[in-house]
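Construct all of the structure, not just a fragment, from the sequences and the given hints.
2 protein chains.
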Amino acid sequence: MLSKSQINLFKSLQHKKFRTEHGLFLVEGRKSINEFINSAYQVDTVYQTYTTDPKLLNLSHKINSQQISLNDLEKISGLKTPQDAVALVKIPVWPALSTDILKKSFSILLDAVQDPGNLGTIIRTADWFGIGNIICSEDTVDVYNPKVVQATMGSLARVKVHYVNIEAFLRNNTLPVYGALLNGQSIYNTNFGTEGLIVMGNEGNGVRPAVEKLITKAITIPRAGQAESLNVGIATAIFCSEIKRNTFK
Amino acid sequence: MLSKSQINLFKSLQHKKFRTEHGLFLVEGRKSINEFINSAYQVDTVYQTYTTDPKLLNLSHKINSQQISLNDLEKISGLKTPQDAVALVKIPVWPALSTDILKKSFSILLDAVQDPGNLGTIIRTADWFGIGNIICSEDTVDVYNPKVVQATMGSLARVKVHYVNIEAFLRNNTLPVYGALLNGQSIYNTNFGTEGLIVMGNEGNGVRPAVEKLITKAITIPRAGQAESLNVGIATAIFCSEIKRNTFK
Numbered sequence: 057m058l059s060k061s062q063i064n065l066f067k068s069l070q071h072k073k074f075r076t077e078h079g080l081f082l083v084e085g086r087k088s089i090n091e092f093i094n095s096a097y098q099v100d101t102v103y104q105t106y107t108t109d110p111k112l113l114n115l116s117h118k119i120n121s122q123q124i125s126l127n128d129l130e131k132i133s134g135l136k137t138p139q140d141a142v143a144l145v146k147i148p149v150w151p152a153l154s155t156d157i158l159k160k161s162f163s164i165l166l167d168a169v170q171d172p173g174n175l176g177t178i179i180r181t182a183d184w185f186g187i188g189n190i191i192c193s194e195d196t197v198d199v200y201n202p203k204v205v206q207a208t209m210g211s212l213a214r215v216k217v218h219y220v221n222i223e224a225f226l227r228n229n230t231l232p233v234y235g236a237l238l239n240g241q242s243i244y245n246t247n248f249g250t251e252g253l254i255v256m257g258n259e260g261n262g263v264r265p266a267v268e269k270l271i272t273k274a275i276t277i278p279r280a281g282q283a284e285s286l287n288v289g290i291a292t293a294i295f296c297s298e299i300k301r302n303t304f305k
Numbered sequence: 057m058l059s060k061s062q063i064n065l066f067k068s069l070q071h072k073k074f075r076t077e078h079g080l081f082l083v084e085g086r087k088s089i090n091e092f093i094n095s096a097y098q099v100d101t102v103y104q105t106y107t108t109d110p111k112l113l114n115l116s117h118k119i120n121s122q123q124i125s126l127n128d129l130e131k132i133s134g135l136k137t138p139q140d141a142v143a144l145v146k147i148p149v150w151p152a153l154s155t156d157i158l159k160k161s162f163s164i165l166l167d168a169v170q171d172p173g174n175l176g177t178i179i180r181t182a183d184w185f186g187i188g189n190i191i192c193s194e195d196t197v198d199v200y201n202p203k204v205v206q207a208t209m210g211s212l213a214r215v216k217v218h219y220v221n222i223e224a225f226l227r228n229n230t231l232p233v234y235g236a237l238l239n240g241q242s243i244y245n246t247n248f249g250t251e252g253l254i255v256m257g258n259e260g261n262g263v264r265p266a267v268e269k270l271i272t273k274a275i276t277i278p279r280a281g282q283a284e285s286l287n288v289g290i291a292t293a294i295f296c297s298e299i300k301r302n303t304f305k
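Which chain is which? The protein sequence lines are A and B, in order.
Start counting the first sequence at 57; every next residue gets the next number (this note's numbering).
Start counting the second sequence at 57; every next residue gets the next number (this note's numbering).
The set of hints was computed from the structure by calculation and includes no laboratory data.
No experiment lies behind these values; they were computed from the predicted model shown.
Glycine included, every Cβ here is placed at the ideal spot set by N, Cα and C.
Any given hint could turn out to be false.
Just so you have them, the derived chain A footprint on chain B, three or more residues with Cβ under 8 Å [said to hold, decoys possible]:
#, segment
1, 179-185
2, 235-247
3, 293-300
With the Cβ distance kept under 8 Å, some of the chain A side facing chain B (calculated, not the full set) [what the hints assert, rightly or not]:
#, residue
4, Gly173
5, Thr181
6, Gly186
7, Gly289
8, Ala293
9, Phe304
Straight-line alpha carbon distances no greater than 20 Å define the calculated PhoX-like cross-link-like pairs of lysine-lysine that follow [unchecked claim]:
#, chain 1, residue 1, chain 2, residue 2
10, A, Lys305, B, Lys273
11, B, Lys216, B, Lys146
12, B, Lys60, B, Lys160
13, B, Lys136, B, Lys216
14, B, Lys136, A, Lys203
15, A, Lys305, B, Lys305
16, B, Lys146, B, Lys203
17, A, Lys136, B, Lys136
18, B, Lys305, A, Lys273
19, B, Lys273, A, Lys203
20, A, Lys136, B, Lys203
So, in structure tokens, the structure goes:
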């Protein structure tokens, strides 16, 4: 049985302040936990219900494991319908971001994206298209927010997410900076080449003017119908698809 | 002030059973309500807070309007952060779906999509790309679910969503049937022509075998990375973009 203080730890990790304090975040579900075990992340402890077959989780001796009741799982899970396991995973400290590691590849740059589901879906989509780095403005939603982690479906274990002052970062950058803007050139007539950054803006306000100034190529997804805008996750996916489509032909 | 029975009506409309019984659904926020007012839908009553400038809503004499307190708005809204207005809109009865109205265009066919956010985003994306009809299996999430309506950002006012027995529908159909499947031909090497149906499957299970048999062209979005799958809203958007990209060049 879990102690009250253990349960309180899990509850506190729903909030960024306590995730930072403890250096931990939650991953739910055996499938996602497995992805973190087989990654550069350090899984601290896995809590699984008695009904989970322990063999299904590739637990090495380095990872603590505790069997808990379904009742306890419900107490520590942030989900309406808890899955079979919850893990405490250490928040990693990635090497400082340099543009050198971004050369000969594409990276996504998010300016104040707020919705956890959007960030999670963007990470999952990036992973599908082999994009390894996402660079977020400091006011983008926290990637270790449980809703973000959940929406990545395990892809967070593979895609590195960096938080930086994006204006300072872009000023010191030599890669082409493509930005999703209105009245830019059609994405379908754009040759993206082999490297660059793709700037996507906030759900309601788009890219901030100060960031927009640092974009070298304004790109637009043409509209055939009447919707006022596209969801930022959808727009990002269309950029990823267009960037990669020639490599698949 | 709203009566208890009025408040109960709003609460009941969070559930499909009562939406069907009353023939009504909820639309929240002035911006979305305006889209429904300027559409084929019949807006029954608009409830707006005192702080809303009534001139901002294009209310004709045909539409009932009631000013309510912020306190009442909070009671009838299904949102955590209520907007400025809530409207009761009549559930329309569209003419029976015939493949004739789908000719010389593309339509999206959803096989048991369950997540309200996904259906809403698909409707919004369809609206952006000028796709006017979405055909859903009878077990797809209800389009008048408030979370779906919200996620469409007003696009539901323009995109017709039909519920049919999709196996029976596909058996009587003469349009090309493209399906998002694994191991199909690359979407980037596919010439979609000028008309067709695009079948997208359930979030966890994909397209059902019985429906898959009725697909004439299996299409795959190639993967460069390691994510196991793409979100169905994301995959649908990439199909929409590929179908329309030549018309934009």
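Verification of the supplied hints:
A stretch counts as covered by a chain when three or more of its residues have a beta carbon under 8 Å from one of that chain; for the segment 179-185 of chain B and chain A the count is 6, and the coverage holds. Counting residues of the segment 235-247 of chain B whose C-beta lies closer than 8 Å to any C-beta of chain A gives 3; at least three are required, and the coverage claim holds. Under the rule that three or more residues need a Cβ within less than 8 Å of chain A, the assignment of the segment 293-300 of chain B holds, with 5 such residues. Contact between Gly173(A) and chain B, as hinted, is supported at the beta carbon level, the nearest pair being about 7 Å apart and thus within 8 Å.
About 5 Å separates the beta-carbon of Thr181(A) from the nearest beta-carbon of chain B, less than 8 Å, and the hint is met. Restraint check, Gly186(A) versus chain B: the minimum CB separation of about 3 Å is within 8 Å; hint holds. A distance limit of 8 Å between C-beta atoms decides the matter here; for Gly289(A) the minimum to chain B is near 7 Å, and the interface restraint holds. Hint status for Ala293(A) relative to chain B: holds, with the closest Cβ pair at about 4 Å, below 8 Å.
About 4 Å separates the beta-carbon of Phe304(A) from the nearest beta-carbon of chain B, less than 8 Å, and the hint is met. For the hint linking Lys305(A) to Lys273(B), the alpha-carbon distance of about 18 Å falls within 20 Å, and the restraint holds. For the proposed pair Lys216(B) and Lys146(B), the alpha carbon gap of about 14 Å is at most 20 Å, so the pair holds. Annotation: proposed proximity of Lys60(B) to Lys160(B) is violated, straight-line Cα distance about 50 Å (limit 20 Å).
For the given pair, Lys136(B) sits about 28 Å from Lys216(B) by alpha-carbon distance, which is inconsistent with the 20 Å threshold. Proximity of Lys136(B) to Lys203(A) is assessed by CA-CA distance (about 16 Å); at most 20 Å being required, the pair is judged to hold. Restraint check for Lys305(A) and Lys305(B): the C-alpha separation of about 18 Å stays at or below 20 Å, so the hint holds. Pair hint Lys146(B) plus Lys203(B) holds up; C-alpha atoms about 17 Å apart against a cutoff of 20 Å.
For the suggested pair Lys136(A) and Lys136(B), the alpha carbons sit about 16 Å apart, so the restraint of at most 20 Å is met. A threshold of 20 Å between alpha carbons decides the hint, and for Lys305(B) with Lys273(A) the separation of about 18 Å falls inside it, so the pair holds. Between Lys273(B) and Lys203(A), the direct Cα distance comes to roughly 36 Å. Violation of the 20 Å bound is thereby established for this hinted pair. Of the pairs offered as hints, the one joining Lys136(A) and Lys203(B) holds, with about 16 Å between alpha carbons and a cut-off of 20 Å not exceeded.
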